[in-house]
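**Q** Construct the entire structure; sequences and hints are all you get.
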Amino acid sequence: MATLVERLDRTWEAPTGAWSWLTSTDHKLIGRRYLGTAFFFFIIAGIGALLMRIQLALPRNTFLGPDTYNGIFTLHGTTMIFLVSTPILFGFANFMVPLMIGSRDMAFPRVNALSWYIFLFAGLLLWSSIFFGAMPDDGWFNYVPLSGPEQSTGRGIDFYLVSIVFLTVATTAGSINVIVTAFKMRAPGMSVRRIPIFIWTMVVTSFAVIFAYPALTAANILLYMDRHHDTLFFNPTAQGDPLLWQHLFWIFGHPDVYIIFLPAVGIVSTIIPVFSRHRLVAYPLIVLATVAIGVVSFGVWVHHMFAVGIPDLTNSFFAGATILITIPSGIQYVAWVATIWRGNVIWKSPFLFVFGFFVLFLIGGFTGVMFGVIPIDRQVTDSYFVVAHFHYVLFGGAIFPVFAGLHYWWPKMTGRMLHERWAQLTFWFMFVGFNMTFFPMHILGLLGMPRRVYTYNDNIGWDALNFFQTVGAFVLGFGVLLFIINAIISTYGGEDAGPNPWEANTLEWAVNSPPPPYNFVVLPVVRSADPLWDPPTPEGEAEPSALELADGKETYGSSILDAEAERVLPMPQDSPWPMFLAIGALILAIGLLFDLLPATIIGIAIATIVLVAWTWPPATKEEAMTL
Amino acid sequence: MIRTPAAPYDTMSPGELGNPPGWWGMLFLVFTEAALFASLLLSYFYERANAVEWPPAGIEKPELILPLIMTALLIGSSITMLIAETAIKRDSQTGLIVGLVLSVLLAGGFLAMQGYEYTHTDFALGDSVYSSAFFTITGLHGIHVAIAVLMGLVLIARASLGHFTARNHNALRNVSLYWHFVDLVWLFILASLYISPHVL
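Just so you know, the sequences run in chain order A and B.
The numbering of the first sequence is the numbering used here, which starts it at 1 and goes up by one.
The numbering of the second sequence is the numbering used here, which starts it at 1001 and goes up by one.
If you're looking for bench data, these hints aren't it; they were derived computationally from the structure.
Values in this document were obtained by computation on a predicted structure and should not be read as measured data.
In this text, a Cβ means the ideal position worked out from N, Cα and C, and glycines have one as well.
Possibly wrong hints are sitting among the right ones.
Stated by the list, open to error - Not everything, but these chain B residues come out facing chain A in the computed CB check (under 10 Å):
| no. | residue |
| --- | --- |
| 1 | PRO1020 |
| 2 | TRP1024 |
| 3 | LEU1036 |
| 4 | LEU1040 |
| 5 | LEU1125 |
| 6 | THR1138 |
| 7 | MET1151 |
| 8 | VAL1154 |
| 9 | ALA1171 |
| 10 | LEU1177 |
| 11 | TYR1178 |
**A** What follows is the structure, encoded as structure tokens:
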């Protein structure tokens, strides 16, 4: 065995030094970077939220001016949707997908590295708008004509348009990577009925990305053309139509809600069986419900537009489709409750966050059903009731599961346990703070407080609730701070985690924490949906043969449905090309943003040269096959 | 039963194997690009449904001879791409290179004619929603053809260095998939932007 490990150590060298860190294609390193970068954006978006809460704490407050306030709520929303929720879940996917399916890396390790660089650059490009005094300020859905060339004359909207399209490249590439990895690289024996639920949800999310993001890209291209090249797509005085933006945006925007929510479903479905000591009840139903949600989510976008004057018949159709989504969501919910019911719950911190998700998502789901009813929607749309609703579904429905995932997989990713008491305190501060901040928004919305106002008068009875919410926001922020402190303490003095501290059922817990660069010494063969809970092989029966593969940087490729081992896949060496390509693309993006033709041309030239170099096959024939 | 692949796939017969990851990656890239063009054509018809007159007053209905010649060039390039692929499956290096060169020339001819078309329209980009949609959609497609041509040139370089064999020509298969997709999109653009104003 020792010689096998030695051979693997030689071919799968761990990164040493800055250059190998920059050029590494190790999915675990990239996954950690993804998580860290998204968490960084989470912190600055959260600071933005606290600034807004300070402004709103008192009536007629002058802490932020109206323009700054508009910029901050736009950056807060855009960041939380595009730079936090989606990438943080793709961070988990990057780290966990190959481990959970028993592979040694993603299908396209270099594309994976490229995704992270582009994600980082796009996020920094968006936030650099602050230094140009040009924050985008028309809200995260950026409606025309307000964002058109006549009404928004600065560069703010251009920062939004260019960095979002730029970011889309990263998200799309990441999605294709996830799908192909999950299709073609599963451990032998991991047939479709044995795929971990987190993989299923990531695959459905990735398909939604592939088909939903292009609508956003199209909208952004058209608006970019309107702003930079005098086209008239959204210009009503020239027979253009602002409503087209809303359609395109929400054809993307509603599936995007599920793009964010479904991986969270995956995390919840992963954690519940482990902490209930019972396999997931109704696994096939949860999978089918996930797929159904992914499909139906493309047919509900008009429920964001009930108040804009679309014919009633059209509205009714979309209202029906919206209510329809409660059926698969309900199936998932009942299956989780049944799993907990059949099992014996261990109340550790990951499960606490799942519990928080249960409560918050139930409330958010309930107000969601209310919004599916057109008369209610028309009464409370664009009020704080909406703000309350989408924070319950997005923060409660996705960020709480993200924290559950962080607490659950932290030992796997770092090799150290988080301090459990601190983790529980984190949960309670976040849970109480969240409800203090967002529950009163339901009431304020019903009282008529519109969203996106930078201040309000003191004689209309909104003061006390707003002040209370601001206090709640700081309680929530303190909870997040506790997590950061806990993470730092754990890094330097945390208890050693061992391979499987939670006695979990999926393959990532079969390897050391943190996993070695090659993940698995021998590639596993799977014979159930909970491989680590399988009973030991009875006496006299043959162990399932594990697969050795130690003579090169290689892993197995398998067939799509039955996961029969099909071929040996050579894995690429570390490569600087992803970094260079991202730099070329950044120069191109800057050129487009500021109308600098030379930068545009230089960016295209760099990207072209790098792509040719990247796809040019290496000297050996084996490596050439990766193309 | 678990089948263990003892040998690298180069020695296995292609019939036993599914497509390699790279081909699947290209397929999903094509899917997302198809959704992008679908969104743009949807925008075209959406704007058109709102218009009083389409094309707007003062603009002739699109001329058809030039775009039909362009269509013939693109379809021709898809056929020559197929010829290149068939040739390398029989290990014919000459057939491969001839097919690739013809494909690049035909697609290059398409781009040249598009350039001619752009300089001979009686309307400019910012004149109307109609002209905005016309130039934006055909322009974006033109960029895709240009990218395909670039990939074709790389393939010609690699083919002349003997990189491709009957068993392993994955790069060619992936480019060919993209190539046919770009040509297929053109047929939708032809039907929507050029032909439909005459018949609908």
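**Q** Now tell me if each hint is right for this structure.
**A** Evaluation of the provided hints:
1. PRO1020: holds, 7 Å
2. TRP1024: Hint on B/TRP1024: holds, closest Cβ of chain A at ~5 Å, below 10 Å.
3. LEU1036: Hint holds; B/LEU1036 Cβ to chain A Cβ min 4 Å, cut 10 Å.
4. LEU1040: Holds, about 5 Å.
5. LEU1125: holds, 6 Å
6. THR1138: Cβ of B/THR1138 sits 13 Å from chain A, so the hint is violated.
7. MET1151: holds, 9 Å
8. VAL1154: Hint holds; B/VAL1154 Cβ to chain A Cβ min 6 Å, cut 10 Å.
9. ALA1171: Holds - the Cβ of B/ALA1171 comes within 10 Å of chain A, reaching about 5 Å at its closest.
10. LEU1177: violated, 13 Å
11. TYR1178: It is violated, given that the least Cβ distance between B/TYR1178 and chain A is near 12 Å, above 10 Å.
Violated hints, listed in ascending order, are 6, 10 and 11; each of the other numbered hints is respected by the structure.
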